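The primary structure of each chain is shown beneath.
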Amino acid sequence: MSKGYYLYCIIDSVDDASLGPIGIEESSVITISNNNISAVVHPVESGVKIENSQESLKWVAAHQSVVEEAWKRYKTILPFAFGTIIRGDENKLRIWMERENDRLVKKMFNVRDKAEYGVQIFWCPSRCIEKVVNSKNDLMELKKKSEGESTGTAYMYKKRYEKALKDEMEHKATELFRVFFKQIKQCVSNITVEKIKRLEGDKQMLLNVSCLSDAEQVKKLGDLLEDIGQCEDHTVRFTGPWPPYSFVGI
Amino acid sequence: MAPLFVCGDLVMEPIREREATLVDLLDRLLDKGLVLNADLVITMGDVPLIGINLKAAIAGMETMLQYGMMTEFEKEINSEQQVEAI
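Chains as they are written, first to last, in our numbering: chain A, 1 to 250; chain B, 1 to 86.
In short, the hints are calculated from the structure, not lab data.
Wrong hints could be hidden among the right ones.
[Claimed, not checked] Here are the computed distance ranges between Cβ atoms for each label pair:
1. B:N37 to A:S13: 20 to 28 Å
2. A:N137 to B:N37: 52 to 60 Å
3. B:V35 to A:E141: 29 to 37 Å
4. A:E162 to B:V35: 23 to 31 Å
5. A:E90 to B:N37: 47 to 55 Å
[To be verified] Here are the computed lysine to aspartate or glutamate pairs in the EDC-like style, where the Cα-Cα straight-line distance is at most 16 Å:
6. A:K131 to A:E170
7. A:K197 to B:D39
8. A:K3 to B:D31
Predicted model, so just to flag it, every value in this text is computed and none were measured.
Heads up, the beta-carbon is just placed ideally off N, CA and C, and yes, glycines get one too.
All chains should be built: construct the whole structure from the sequences, respecting the hints.
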């Protein structure tokens with residue numbers, strides 16, 4: 001008897017099938033059905049221990065590979081986070097699926113015929129400073145004074161200018177986020193905001209979102225992102241399609 | 001280095017090249033997806049720690065890949081992962 005099951009995803013089909021030895025460490029991946037859904041799993045016999053980062057990366061790749069295979073085969077899936085193992089036998093898994101059935105079916109309905117896409121928009125603030133300063137009279141004034149007054153006064157104005165410029169750049173970044181977010185939201189079924197990542201150098205991430213879209217919506221999204229990317233002040237990173245990891249949580 | 005985006009008929013196409021999207025994949029697999037109640041779960045090592053270590057390793061790996069190192073490992077993973085867009 002196995003001690004548990006490593007969980008890859010839930011599918012909206014009743015299919016007691018074997019997907020072959022495609023799992024982590026070449027484990028045989030099977031499906032276990034209950035009611036109108038099935039879990040894609042491999043049995044776990046003992047404690048699982050990952051030795052090093054390269055090994056764990058292979059495991060992550062294997063997890064993703066199984067999820068992709070299930071996605072290709074069954075079309076609608078709810079992927080589990082990496083490293084999810086349910087304790088107990090097949091019956092325990094079926095009890096969990098029975099208990100969570102309504103919630104899982106509802107989630108399945110929400111992601112049907114859709115995929116997840118990542119959108120990140122960047123800017124280089126230093127390249128936009130001139131435009132920002134030229135669009136604000138008070139900033140232009142402070143800049144002039146910081147350059148033209150006698151040494152002590154110039155220093156004071158320089159500090160005030162730097163503070164005002166910093167505030168204005170932050171305001172500009174927030175405004176751009178709002179505009180882009182609103183535009184993207186209108187193109188997609190669902191959207192989640194991800195953490196902004198710090199980058200090296202002058203480049204800054206303005207927006208980081210995951211979008212749930214069907215085939216039609218993703219064309220609209222691509223069209224919008226093309227327009228945003230055409231502006232010399234912004235660059236766009238558009239990734240996917242991903243299984244809907246960001247849209248199956250609580 | 002793979003292009004960050006591909007233009008075609010003025011509609012931006014999403015990318016899935018592993019080299020360019022490994023961090024995106026990890027962000028999803030490690031931090032997202034369905035979760036179970038703690039009482040049902042067997043802890044697999046220390047997944048949050050695995051996540052941190054992996055992300056650190058990837059950051060290092062991306063630098064190494066830029067310098068043409070680790071290409072064999074990259075090929076091996078590529079053949080396993082089979083990331084084909086639907």
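Going through the hints against the structure:
1. For N37 of chain B paired with S13 of chain A, a C-beta distance near 25 Å keeps the hint of 20 to 28 Å intact.
2. Between N137 of chain A and N37 of chain B the CB atoms are about 58 Å apart, so this pair conforms to the stated range of 52 to 60 Å.
3. With their beta carbons about 54 Å apart, V35 of chain B and E141 of chain A fall outside the hinted range of 29 to 37 Å.
4. A hinted range of 23 to 31 Å is violated for the C-beta pair E162 of chain A and V35 of chain B, which are about 45 Å apart.
5. As the Cβ distance of E90 of chain A to N37 of chain B is approximately 18 Å, the hint placing it in 47 to 55 Å is violated.
6. For a cut-off of 16 Å, the pair hint linking K131 of chain A to E170 of chain A stands: about 14 Å separates their Cα positions.
7. Distance check on the hinted pair: K197 of chain A and D39 of chain B sit about 33 Å apart at the alpha-carbon level, beyond 16 Å; violated.
8. At roughly 25 Å between alpha-carbon atoms, K3 of chain A and D31 of chain B are farther apart than 16 Å, so this suggested pair is violated.
Consistency note: the structure conflicts with the earlier hints numbered 3, 4, 5, 7 and 8.
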